[in-house]
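If you read the protein sequences in the order shown, they are chains A and B. Numbering-wise (our numbering), the first sequence opens with residue 41 and increments by one. Numbering-wise (our numbering), the second sequence opens with residue 1452 and increments by one.
Certain hints may be false.
[As the list claims (entries may be wrong)] What follows is a list of derived Cβ distance ranges for each label pair:
#1 B:L1826 x A:S59: 39 to 49 Å
#2 B:I1862 x A:T135: 24 to 34 Å
#3 A:E115 x B:V1812: 37 to 47 Å
#4 B:I1816 x A:D60: 48 to 58 Å
#5 B:G1716 x A:E44: 23 to 33 Å
#6 B:G1855 x A:N153: 34 to 44 Å
#7 A:N117 x B:G1855: 26 to 36 Å
#8 A:G209 x B:H1460: 26 to 36 Å
[Unchecked claim] Partial list, derived from the structure: chain A residues whose beta carbon lies under 8 Å from chain B:
#9 F97
#10 E129
#11 L139
#12 E140
#13 K147
#14 Y149
#15 L151
Treat the hints as calculated values from the structure; they're not laboratory data. Only a predicted model underlies this, so the values are computations on that prediction, with no experimental measurement involved. For glycine and all other residues, C-beta sits at the position ideal for the given N, C-alpha and C.
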Amino acid sequence: MPLEPIIQIENLTKTYRGSDVPALNNISLTISKGEIFGLLGPNGAGKTTTLSILCGFLRKDFGVVKINGFSIEKESNEIKKIVGLVPQEIALYETLTPLENLRFFGKMYGLDNDKLRQRTDECLTLMGLDKSRNKLIKTFSGGMKRRLNLIAGILHEPKILFLDEPTVGVDVQSRNVILEHLNEINKKGTTIIYTSHYMEEAEQFCTSIAIIDSGEIIVNGNPGELIRQNEGCTSLETLYLLLTGRKLRDN
Amino acid sequence: MKRLITSIHKEFLILIRDKAGLAILFLMPVFLIFVMTLIQDNTFRELDETQINILFLDLDGDSLGVGIEQGLKSSGFFAVTTKMENAELNQESMNRLVVEGKYQIGIVVTAGATETIRNKAKSVIEQQFSDEDIGNESKHGLKESGKIIVYFDPVIKNSYKQTVMMALQNFTNNVEAKINFEYFAKEISDQLSTENKLKFNSEGGVEIEEQYATGKLTETFPNSVQHNVPAWAVFAMFFIIIPLTGNIIKERDSGSVLRLKLIPGSYLVSMMAKVSLYIVVCLIQFVLMLIVGMYILPILGTPVLSLGPHKFALVCMALAVALAAAGYGVMLGTIAGTHDQAASFGAVSVIILAALGGIWVPVFIMPGIMQTISLFSPLNWGLEGFYELFLRGGGFTDILLQIGLLVSFSIVMILIAYQYQRIKRI
Ligand SMILES: Nc1ncnc2c1ncn2[C@@H]1O[C@H](COP(=O)(O)OP(=O)(O)OP(=O)(O)O)[C@@H](O)[C@H]1O
Ligand SMILES: [Mg+2]
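The task is simple: from the sequences and hints, build the whole structure.
The structure is reproduced here in structure tokens:
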């Protein structure tokens, strides 16, 4: 079946002010509706920068970016209505409880009380936070905060969900819960764009990936196919190391 | 509207969870009013009510010395000491006592001071009534002229000095006039050979009556409480910019603001919620400070704060100041890079605006250029508005200008903040 594109990026370039190397250098990508898309790459590759431009937090220097057919500059309000974001950092009010946080964001999204109650109950239970719903977040462990950070981004059931390293710093159990839940959301029709450093996770989870390094896309496609195409590669991790090299980044 | 209430509720929760911050927010202004008013209450009194300690040494023993001593004693402004208990009072010991600060002022009328006046009067009058033109000094031989020496404690304020000098001048003039008159009278009776003596009467003439200019207010007078409570209240209210900028920057650093930016229109709502909540905080601070002025300070002997007759105008004025403070805080919090920046710049800028606004030093004694600059300080608008209500007895229409300026200032600040965060996408 012909895949319908939901995010189109053409020749996207971005150089941060005061920096002489571009954080994103002429990137082109198409992400189709219903995909789980993995944006993979070493530290400082430009993953967060890409998501920030897609969300409208950063201005691009050059290129064309469309989400669901809307231009990110001119129709940003249309885009905001259909996207959700799970930021890399924990973006919650530390001195409030999970319930207070979720109620606040939910109501800001305009969810009515019934819907809000149903969604918070559902998500908190699913993520194993039901018992902690009335404790202050600052008393939470890192993994608990991550799970709640995720819930705050999906509460309003967005059509497109951006996740910036949602599984970083969580244990195996939490990771599985998170990925399972994301899979479920995806089945209900949400397109997922997620960044990660975990190749094994991405190999299993993603329907499509792009490996980005130093602001450039090195490969892009279905993980299984990419492994097959490159001789000597048995997993996404070997492919990744083959393409990005073994030296340390981000220094 | 629903989202605004949701946001205010969230801000409220964040605020009350920080118990220590909350205590600081409400106790510090109370403490500030307390200390500032008490300090200034004393200086107000020193001029008005407490007496100036004066050492007085009369080496003249004649009309001038006696006249000045009586004058000083009867004026009520001065506590006059003429004898020391266990030491002799002379010019030397007087100098020492004043330098040591035991007395603020020492006055010596030197020997022959009255004589000097007499000689002068004599010569002037004789000149008038004699046909020949005789040099006065040569005839009466004024060898040594008596004088009045005043020692001042170097610490003493200029205003005290002026008070004392004026009083001395006044007493001296009186004695001089009397002596002149006596000679004049004597000369006239000599010339006219009458037995009737003319009498000197220094009383009468033009009287000066002192009154505070009040428009509509009759019962309150300018006093330390009426002056200080509104002034420091404005100052304290502006200090909410510190917790407010902290709140904004924390929200930004935590990334919660990113979520808000992804919800159409919610950023502005969130900003308005902060402004609304901190206005309420300001008003509570204001009420607490008024309570201190009305009920607590008087226990310590200060005058009771009077709110003036126009309570509605007072509420409007407080609201306008609160709005301006909150607007300024939102602007600073949005533009500042870190909380340290916001806190130090914020605190210093409020102090500068307060100084410019006339909260430390009255605007009218500033140099001309500073007086003009002070017109641009929102704290000046706040202060002027409150003075209108607290000291001049003005009503709502008298503070419309100040309210207008404060509200406009706030709107401009919020717009700057809103535009800044919209444009600032690097
Ligand atoms: N605010 C900024 N100002 C200047 N340079 C920045 C800024 N944010 C990121 N960069 C630079 O842009 C490049 C890409 O950063 P980005 O955060 O997109 O990387 P990333 O792929 O998300 O890395 P990580 O896996 O560590 O999160 C890096 O070289 C980084 O140093
Ligand atoms: Mg990143």
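Hint compliance check: list the failing hint numbers for this structure, sorted ascending.
Checked against the structure, the hints that fail are numbers 3, 11 and 15, while the rest are satisfied.
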